[in-house]
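Chains as they are written, first to last, in our numbering: chain Z, 152 to 637; chain X, -16 to 80; chain B, 4 to 493.
It is possible that some hints are incorrect.
In silico DSS-like cross-links for lysine-lysine, where the CA-CA straight-line distance does not exceed 27 angstroms [to be verified]:
1. B:Lys123 x B:Lys406
2. B:Lys58 x B:Lys123
3. B:Lys406 x B:Lys472
4. B:Lys83 x B:Lys58
5. B:Lys472 x B:Lys461
6. Z:Lys497 x B:Lys83
7. B:Lys138 x B:Lys58
8. Z:Lys501 x B:Lys461
9. Z:Lys411 x Z:Lys437
10. B:Lys420 x B:Lys443
11. Z:Lys497 x B:Lys138
12. X:Lys25 x Z:Lys411
Here are the computed distance ranges between Cβ atoms for each label pair [to be verified]:
13. Z:Arg236 x X:Gly68: 21 to 31 angstroms
14. B:Ala297 x Z:Val264: 50 to 60 angstroms
15. B:Phe108 x Z:Arg539: 38 to 48 angstroms
16. X:Arg(-15) x B:Pro36: 37 to 47 angstroms
17. X:Pro55 x Z:Glu217: 40 to 50 angstroms
18. B:Ala297 x Z:Arg539: 29 to 39 angstroms
Don't read these hints as lab results, they were simulated from the structure.
All values derive from a computational prediction rather than experimental measurement.
Even glycine gets a Cβ: it sits at the ideal position worked out from N, Cα and C.
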Amino acid sequence: MSLSQLSAYQIAQQVQSKKASCREVVDDFLGRIEAVEERVKAFVTVTGDEARRRADMLDRRLASGEDIGALGGVPIAVKDALCTRGVKTTCSSKMLENFVPPYDAHVVERLAVDGAITVGKANMDEFAMGSSTENSAFFPTRNPWDLERVPGGSSGGSTAAVAALEAPLALGSDTGGSIRQPAAYCGCVGLKPTYGLVSRYGLIAFASSLDQIGPIANDVRDCALLLQSIAGHDRRDTTSINRSLPKYLDALTGNIRGLKVGVPQEFFAQGVQGYVSDAVHKAIDKMAELGAEVVEVSMPSTEYALATYYIIAPSEASSNLARYDGVQYGLRVHEMGDDIVQMYSKTRVKGFGHEVQHRIMIGTHALSSGFYDAYYLKAQKVRTLIRRDFEAAFQKCDVLATPTAPTVAFKLGENANDPFAMKLADVCTIPVNMAGLPAISLPCGFHEKMPIGLQLIGNLLDESTLLRAAHAYEQATDWHTQRAVL
Amino acid sequence: MRLTSEEVDHIALLSRLDLSPAERERAATELSQILDHFEQLKQLDTADVPPTEHVLPVVNVLRADESRPGLPREGVLQNAPEHAGGMFQVPRVVEAE
Amino acid sequence: MSKYEIVIGMEVHAELLTQSKQFCACPNEAVAPPNTNVCPVCLGFPGSLPVLNAKSVDLSLRTVLAFDSKINTRCIFERKNYFYPDLPKAYQVSQRLLPLGEGGFIDIDVPNGDGTSTVKRVGLHDVHMEEDTGKSQHGESIGDPDSSLIDFNRSGIPLLEIVSLPDMRSVEEAEAYMTALRQLLLYLEVSDCKMELGRLRFEASLSLRPWGQEEYGTRVEVKNLNSMKAVRDSLRAEIERQTRILDSGGVVVQQTMLWDEASGTTQPMRSKEQAHDYRYFPEPDLVPLDIDSAWLERVRASMPELPRAKNQRFIEQLGLSSYEAGVLTSSREIAEYYEAALEGYTKSDGGAAKAISNWVCNELLGRVNAQNSSIAEAKVLPAQLRELVQLIDAGTISGKIAKEIFDEMFTSGRDAKSIVEERGLTQMSDTTELEAICEKVIAANPKAVEDYRGGKEKSFGALVGGVMKETKGRANPALVNELLKKALTQ
Ligand SMILES: [Mg+2]
Ligand SMILES: [Zn+2]
């Protein structure tokens, strides 16, 4: 059996017990990347040489008896929205095509401390805006289960890499579903942690009050393993939570007897296909079989979440992306005789793709004088209503079970001319970001050979319960053992 | 309701996007569509609802006033499209005439 | 008198005296080789995040307490969005909805023109925290007419913006406001107020209206003011310009004018974007401040006595004139010097405060000002000045000699006592010795003696002068008088 078939947890054990060297692991995955990448297109940049160097260095440390960390020797794909010192970080945008950060993101530092090995920077929708990775300025990523279909997005490259076994782990970021929705589309496990659990320092911002970095893996245990590495306080991010963390692996007891699983009907509306709804209900039945108690909950503000999101996220983005103006880094378009405003405006119209421009304009309008109260302030108030729905629901249950996405992965280009259908792909994941809650997506069935995602939503900072529930369900089913054939 | 071309021009200027006439037309259509979608929020009475600025009730996150050297200048300028004399160079900004 | 009433408001930006910047640990030091005190945060690099400097909040709180502003105990930061190459994130973190302080006032002394002054209260609109921008240089000044160059060393330095109400009614009031504000900021040690380095920056808004009219005229903002003189000159020029427009039946256009020192005129600022729309919204990367009473008390305890209170105390408790009190409280250094010199000094006739005040106001500040230096740099320490005055009190030296000694102290920083001893400048009070010298002077000046005896009182002075000359000024003048009179009546 090839090393690339193993889980991250197993690889770490192999390395620790010296059954495999880091170099062997890395060579194996780089071989896999070479074999499938041309079809999957998960990476903007493959960092093979650095990965091999780092593997050799870790092997030397291991040989001299050092502890190389819980992820020692485990390859990982890093979304190209995370800054890596000395390695191009593009956000899949022409704007940052040649941007080389002079510093590492907090999570990248943590991975280094724990011995993980970055094998590449993963493709994404430009500036994380999109649900298919078709908005990458460079190329679309393909779904390993069906190369004619999208992997979802915006963390489509990260997820496709994991599903294609190009890396056992990946980091994504999730603003409105960008980890969970591609995880659902690619049959992976993807977790969006509680807002503030993982430092955003070095994550190129899309919408600051919603963005959160999280793990993507092929099973819940690997997800917990990676979460343990990246979670925790960082003084450089003032929204980072400062408290001691549980041991997430210890939460995976397999026991969910008495766990209260809430089912909000509102998450089964708005375009959720019958096959998705059936699969999710079957999963809920399975959890009941395992001893969980199922309760109905009502969340009436859910239907407003999409509109709320499409005001708040673009508003923050319009400000976060204003810095890309061709002055200090990134693209500059400047023709003879242009003044500074022309330089800005030509640079930005060339550097940003259509979707990014569109959202910048929505946000600019929503914040502008005369419209702020009707749009931005109103949305922030509705956000409070959405949070209150969740608060009320968690009075009655421990986790919520919903679909992750209304459909399975769609075909490339299928939704290109129907922006609303595209946005609907995030209808079940967006409310979670509004409330800052943790949520996980894991496979719960197939439709036409494409994976379907189950979303479990937890209470604030209760990742342990979430992982326990997801793990118990996963262990009682075999969806997670199925692999795309490439 | 469709945005007027003046409104679209204003948004494009504030956004610093040099849109072609065709792009302006497309923006007018797409922005108008999404703004129509936002109308849905008017159904909700939020008069007494406070806005959510942060999802967690964290306050007073401060750092001690200690200084550290900044980045080496190579790191500062390595991504600059143009620089001169250790400074970032841009087309002349005219402040007064 | 002009037909129009002048209405002036002031916006002041003060850079705060911290070690590090507002949101990152870069040194708060703009004067350095370009782009050497910068990091991903103050350069606005992708993925960087701000963390607020605790000291800058404390200094800002000190200031709003001194202004007696209403403090927003829950206060938030907002983003002010606009494009300009010296603004690296294309937004400035500032405050608008819930600034640190709202309202409050500054009392100013408006000169009446006859040496006296009247106290006037200038109201404040708000006081808010923000971050400074980088600095750009344009065109010819950098030898390239088509370029601007940007240095981000200043980017992110903590600023306090103090916005007044349009309460000032003359250039003199505006000047008095600047003086009072600067004095207060210096006392509070929140800023070093070095205008020439841009650490204290004034912007004025000015409008005219016919006397008696209630609503304000159209206001014009005046920027690019690098000194107190620039504020004064630009306001005068702008008043003239607006008066001309109004007199000829024209309309003043609401706009921003830049002061041009060279031509002595204000020039309209050219801005491509007519409609400014800053799109303020709460900064999601910074959490709110929740300022409780314990925090406020801690800051209050760190505050010095403020100049107005000190001035009052000097007049009422120390018996100084309002002129002296004004000079001594004009800066915190001078006041502290004075109080340190006065400490532990007593005088039998109770004139201690006055005596030290004379020395500080006249001798010390006279020399300091002549050198264009500051009292903090003076080599004479407060205790040394006190010792000198004590030597006069004890009759060891005369007042005249004391001034010579002080000259030496001021240049070398040496103690009065050692100078007196080294130069043998101790006052001569030995009767026998002085009697002999008096005899000698009388013998050498028969004409003066004759005149004096003939009733010419004036001639007595010449004889005293003779004794002083003989003794190189060291003779005790009172004793000389007594001995001479005795000798002449014999
Ligand atoms: Mg300001
Ligand atoms: Zn910095």
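Going down the list of hints, with the structure as the test:
1. Proximity of Lys123 of chain B to Lys406 of chain B is assessed by CA-CA distance (about 39 angstroms); at most 27 angstroms being required, the pair is judged violated.
2. With a C-alpha separation of about 32 angstroms, the suggested pairing of Lys58 of chain B with Lys123 of chain B is violated against the 27 angstroms cut-off.
3. For the hint linking Lys406 of chain B to Lys472 of chain B, the alpha-carbon distance of about 17 angstroms falls within 27 angstroms, and the restraint holds.
4. At most 27 angstroms may separate the alpha-carbon atoms for a hinted pair to count; Lys83 of chain B and Lys58 of chain B meet this at roughly 23 angstroms.
5. A distance of roughly 17 angstroms separates the Cα atoms of Lys472 of chain B and Lys461 of chain B; the hinted pair therefore holds under the 27 angstroms criterion.
6. The suggested pairing of Lys497 of chain Z with Lys83 of chain B holds, with an alpha-carbon distance near 23 angstroms, which does not exceed 27 angstroms.
7. With a C-alpha separation of about 24 angstroms, the suggested pairing of Lys138 of chain B with Lys58 of chain B holds against the 27 angstroms cut-off.
8. For the hint pairing Lys501 of chain Z with Lys461 of chain B, the CA-to-CA distance comes to about 97 angstroms; that exceeds 27 angstroms, so the pair is violated.
9. For a cut-off of 27 angstroms, the pair hint linking Lys411 of chain Z to Lys437 of chain Z stands: about 13 angstroms separates their Cα positions.
10. Using a Cα cut-off of 27 angstroms, the hinted pair Lys420 of chain B and Lys443 of chain B is violated, with the two alpha carbons roughly 31 angstroms apart.
11. A distance of roughly 24 angstroms separates the Cα atoms of Lys497 of chain Z and Lys138 of chain B; the hinted pair therefore holds under the 27 angstroms criterion.
12. For the hint linking Lys25 of chain X to Lys411 of chain Z, the alpha-carbon distance of about 35 angstroms lies beyond 27 angstroms, and the restraint is violated.
13. A beta carbon spacing of about 26 angstroms between Arg236 of chain Z and Gly68 of chain X agrees with the range 21 to 31 angstroms that was offered as a hint.
14. For Ala297 of chain B paired with Val264 of chain Z, a C-beta distance near 38 angstroms fails the hint of 50 to 60 angstroms.
15. Between Phe108 of chain B and Arg539 of chain Z the C-beta distance comes to about 42 angstroms, which sits within the given range of 38 to 48 angstroms.
16. With their beta carbons about 54 angstroms apart, Arg(-15) of chain X and Pro36 of chain B fall outside the hinted range of 37 to 47 angstroms.
17. Range check, Pro55 of chain X to Glu217 of chain Z: about 30 angstroms between beta-carbon atoms, so the 40 to 50 angstroms window is missed.
18. Taken as a hint, the range 29 to 39 angstroms holds for the pair Ala297 of chain B and Arg539 of chain Z, whose Cβ atoms sit roughly 32 angstroms apart.
Hint compliance for this structure: hints 1, 2, 8, 10, 12, 14, 16 and 17 are broken, all remaining hints hold.
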